[in-house]
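> Here is how the chains run, residue by residue.
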Amino acid sequence: MRQKKSTEVTVGLFVMLGLAALFFLAMKVSNLSAFSDEQGYRVTAEFENIGGLKARSPVTLAGVRIGRVERIELDPETYNANVVLNLYSSFDTLPTDTAASIYTAGLLGEQYIGLEAGAEEEFLKDGDVIELTQPALVLEQVIGQFLFSKAEGDE
Amino acid sequence: MGTIQRLGQWAIGTSERLGRGYLFLMAILAGIPSSLFRFSLVIQQIYSVGVLSVLLILISGLFVGMVLGLQGYNTLVGFGAEESLGVLVSLSLVRELGPVVSALLFAGRAGSALTAEIGLMKSTEQLSGMEMMAVDPIRRVITPRFLAGFISLPFLAAIFSAVGILGGYLVGYGLLGVDDGAFWTQMQAKTDLYNDILNGVIKSVVFGFVVTWIALFEGHDAIPTSEGVGRATTRTVVHSAFAILGLDFVLTALMFGDV
Amino acid sequence: MPLIEIRDLHFYRGDRAIFNGVDLDIYRGKVTAIMGPSGTGKTTLLKLIGGQLVPDQGTIKVDGQDVHRLSHAQLYELRMRMGMLFQSGALLTDISVFDNVAFPLREHTDLPESMISDLVSMKLQAVGLRNAKGLMPAELSGGMARRVALARAVTLDPMMIMYDEPFTGQDPISMGTLVNLIKRMNQSMGLTSIVVSHDLEETMAIADDIYLLSGGKVIERGTPDTLQDSSSEWVKQFVDGLPDGPVPFHFPGMSFEDDLLNRKAAK
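Residue numbers (the working numbering), protein chains in the order written: chain A, 1 to 155; chain B, 1 to 259; chain C, 1 to 267.
Hints may be right or wrong, so weigh each one.
What the hints assert, rightly or not - Straight-line distance between alpha carbons at most 25 Å, and here's what the computed DMTMM-like set of lysine to aspartate or glutamate pairs gives: (1) C:K133 / B:E125; (2) B:K190 / B:D180; (3) A:K54 / A:D128; (4) B:K190 / A:E73; (5) B:K190 / A:E70; (6) A:K4 / C:D8; (7) C:K47 / B:D179; (8) C:K47 / B:D136; (9) C:K61 / B:D136; (10) A:K4 / C:E107; (11) C:K30 / C:D8.
To be verified - Some, not all, of what chain C presents toward chain B, calculated at C-beta under 7 Å: (12) L53; (13) A73; (14) Y76; (15) R79; (16) M80; (17) F86; (18) A90; (19) E107.
Derived by calculation from the structure, the hints in this document are not laboratory data. What you are looking at is a predicted structure, and each value in this text was computed from that prediction instead of being measured. In this text, a Cβ means the ideal position worked out from N, Cα and C, and glycines have one as well.
Input sequences plus hints: build the corresponding full structure.
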């Protein structure tokens with residue numbers, strides 16, 4: 001059974017097409033490009049409530065993505081959440097009094113951490129802690145506060 | 001014959017077939033080293049099983065993607081979330097529709113062709129003839145086809161998903177006015193390389209293994225008459241469909257269960 | 001010592017005994033015919049000798065080796081020394097005549113293509129089909145297909161060939177050609193041939209030794225001449241082609257009168 005040249009060529013093309021498709025999926029469709037930040041530096045922030053924040057959620061400054069959430073742990077002593085942020089090493093000029101808050105993106109939104117730069121002259125380094133944090137908004141609490149203040153206003 | 005008897009006979013017959021199928025699989029796997037040695041046989045089969053399915057996959061993928069674009073838009077618009085169309089299209093395709101639909105199409109086109117081919121070889125005694133010429137028909141005929149199917153289906157599934165996403169983009173951006181940038185950036189943000197794409201590839205690898213196995217077994221086990229081969233072809237498509245959908249459920253539960 | 005020794009062969013298909021204690025000897029260099037009415041399992045016998053089927057009882061020894069005790073590899077090696085001609089030829093339908101005959105050479109040897117080409121031409125020449133080498137099996141007549149299959153069966157110069165119903169359904173010319181070929185090849189290549197057939201005239205013309213099987217047993221054995229003169233009822237019915245005798249005309253069951261009068265069958 002002779003192998004026709006054309007058969008081999010078309011099989012080769014088929015394999016290339018398949019690889020191209022996989023490549024396309026990997027590069028253009030997935031978050032592969034966001035993978036290259038392994039060499040970031042880590043900073044911890046403590047939150048009373050992280051809401052729907054997950055590992056790999058984005059971390060932004062002025063809306064620009066500068067890192068991601070690496071992991072979330074529960075502190076057994078303070079009963080708060082310790083969130084470890086992995087920030088790109090190119091953004092190493094964050095003042096030590098930078099504040100971290102949890103926001104929601106869009107209506108169906110997933111949650112992310114937004115940073116606000118402070119005014120100190122020293123910068124955050126690997127292993128530092130962000131002191132100023134604001135917890136996520138929990139809908140029930142907001143409604144409760146609203147009702148409470150309404151009730152007070154009526155008196 | 002009573003119902004119980006019939007049930008018992010059916011159960012015994014089914015276990016017998018399963019046993020034969022399993023032994024058959026072991027024989028196929030045993031033939032892999034010698035097939036890799038004569039890779040030209042495998043290449044020939046990749047041509048008839050993979051290359052000749054590409055057109056079907058391209059067209060189906062394109063249409064599925066376009067329909068996803070349309071339907072997805074109609075649903076998301078109600079939430080004001082039409083910018084997320086890219087995410088919807090890509091996740092639906094990469095996680096589910098790509099692997100599953102391409103496997104079903106593959107079973108219908110390539111699987112039934114394999115069954116018919118092997119069944120015909122059996123009924124014209126070509127397999128027997130080969131045995132008597134001291135050529136093991138499993139190693140010469142069956143294993144190369146198995147490897148070809150196993151290799152081809154993941155590629156076909158990837159092509160399906162890729163073309164589908166492009167189809168969704170065509171409809172979303174070209175037809176419905178979804179923002180170009182939002183489509184791609186949201187998709188990129190939400191489609192995870194490992195959790196979504198890799199899992200989809202794993203699914204199609206599993207499907208390729210099972211569907212090709214079923215197709216080859218049914219052909220090899222067919223009753224060597226024209227009616228027998230016809231029934232075997234039907235069985236291939238039906239059993240493959242069950243296997244694909246059942247495995248899809250199991251794999252999805254395992255992979256995406258705790259999301 | 002005979003090339004093939006079959007002793008006490010028992011083989012069942014479901015409840016039916018295809019072979020119920022059969023002893024056979026096939027001698028080297030001879031054409032041995034196995035004959036009998038349809039359905040006596042003659043093809044099954046060839047498959048048993050080739051190791052494709054396993055007997056329920058008894059032994060089959062080919063060239064001193066017990067076929068069914070061999071390992072997979074040993075069995076395949078033995079098969080390389082056996083040639084088999086199937087009833088339909090069993091040519092591989094997707095490749096040409098040339099490639100079919102070359103198949104055993106390409107699979108089992110590392111010979112260069114030039115040598116293979118010469119060998120194939122030689123084998124096809126012996127069966128008279130050298131100029132048909134470019135044709136596809138679908139383009140061949142039944143008789144031609146069998147001749148190609150014969151060429152393929154002798155490609156590796158086996159020690160024996162088994163012919164499964166080679167004369168069935170052939171026109172007189174093809175039949176004559178085949179008969180001639182079988183005899184000639186047996187002599188010129190020093191082969192041992194086993195012909196399974198129920199075509200009396202042709203088989204008697206070339207066989208050196210004939211076994212007559214029926215009901216799972218050997219009912220007669222001899223040369224064409226001794227068979228003609230045999231006194232056994234079975235043999236007479238077979239040799240003379242009588243419609244009724246030990247092999248009944250009517251399928252066994254209810255008698256005709258009982259059936260017409262709707263009486264119950266006498267079991």
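> None of the hints should be skipped; say for each whether it holds.
Structure-based check of each hint:
Under the criterion of a C-alpha separation no larger than 25 Å, the hint pairing K133 (chain C) with E125 (chain B) is consistent with the structure, at around 21 Å. With a C-alpha separation of about 16 Å, the suggested pairing of K190 (chain B) with D180 (chain B) holds against the 25 Å cut-off. The hinted pair formed by K54 (chain A) and D128 (chain A) meets the criterion: a straight-line CA distance of about 21 Å does not exceed 25 Å. Of the supplied pair hints, the one linking K190 (chain B) and E73 (chain A) holds, its CA atoms being roughly 23 Å apart against a limit of 25 Å.
With a C-alpha separation of about 16 Å, the suggested pair K190 (chain B) and E70 (chain A) falls inside the 25 Å cut-off, and the hint holds. Of the pairs offered as hints, the one joining K4 (chain A) and D8 (chain C) is violated, with about 52 Å between alpha carbons and a cut-off of 25 Å exceeded. The suggested pairing of K47 (chain C) with D179 (chain B) is violated, with an alpha-carbon distance near 71 Å, which exceeds 25 Å. Between K47 (chain C) and D136 (chain B) the CA atoms are separated by roughly 15 Å; this keeps the pair inside 25 Å, and the hint holds.
Annotation: proposed proximity of K61 (chain C) to D136 (chain B) holds, straight-line Cα distance about 22 Å (limit 25 Å). For a cut-off of 25 Å, the pair hint linking K4 (chain A) to E107 (chain C) stands: about 18 Å separates their Cα positions. This hinted pair checks out: K30 (chain C) and D8 (chain C) have alpha carbons roughly 22 Å apart, not beyond 25 Å. Among the interface hints, the one on L53 (chain C) is violated; its C-beta lies about 11 Å from the nearest C-beta in chain B, farther than the 7 Å criterion.
Taking 7 Å as the C-beta contact cut-off toward chain B, the hint placing A73 (chain C) at the interface is violated, the least distance being around 10 Å. Because the beta carbon of Y76 (chain C) sits about 5 Å from the nearest beta carbon in chain B, less than 7 Å, this interface hint is met. This hint holds: R79 (chain C) has a C-beta 4 Å from the nearest C-beta of chain B, less than the 7 Å allowed. For M80 (chain C), the interface hint holds, since its Cβ comes within 7 Å of a Cβ in chain B; the closest pair sits about 4 Å apart.
Contact between F86 (chain C) and chain B, as hinted, is supported at the beta carbon level, the nearest pair being about 5 Å apart and thus within 7 Å. With a least beta-carbon distance of about 3 Å to chain B, the hint placing A90 (chain C) at the interface is held under the 7 Å criterion. The closest approach between the C-beta of E107 (chain C) and any C-beta of chain B is roughly 5 Å, which is under the 7 Å cut-off, so the hint is satisfied.
Consistency note: the structure conflicts with the earlier hints numbered 6, 7, 12, 13.
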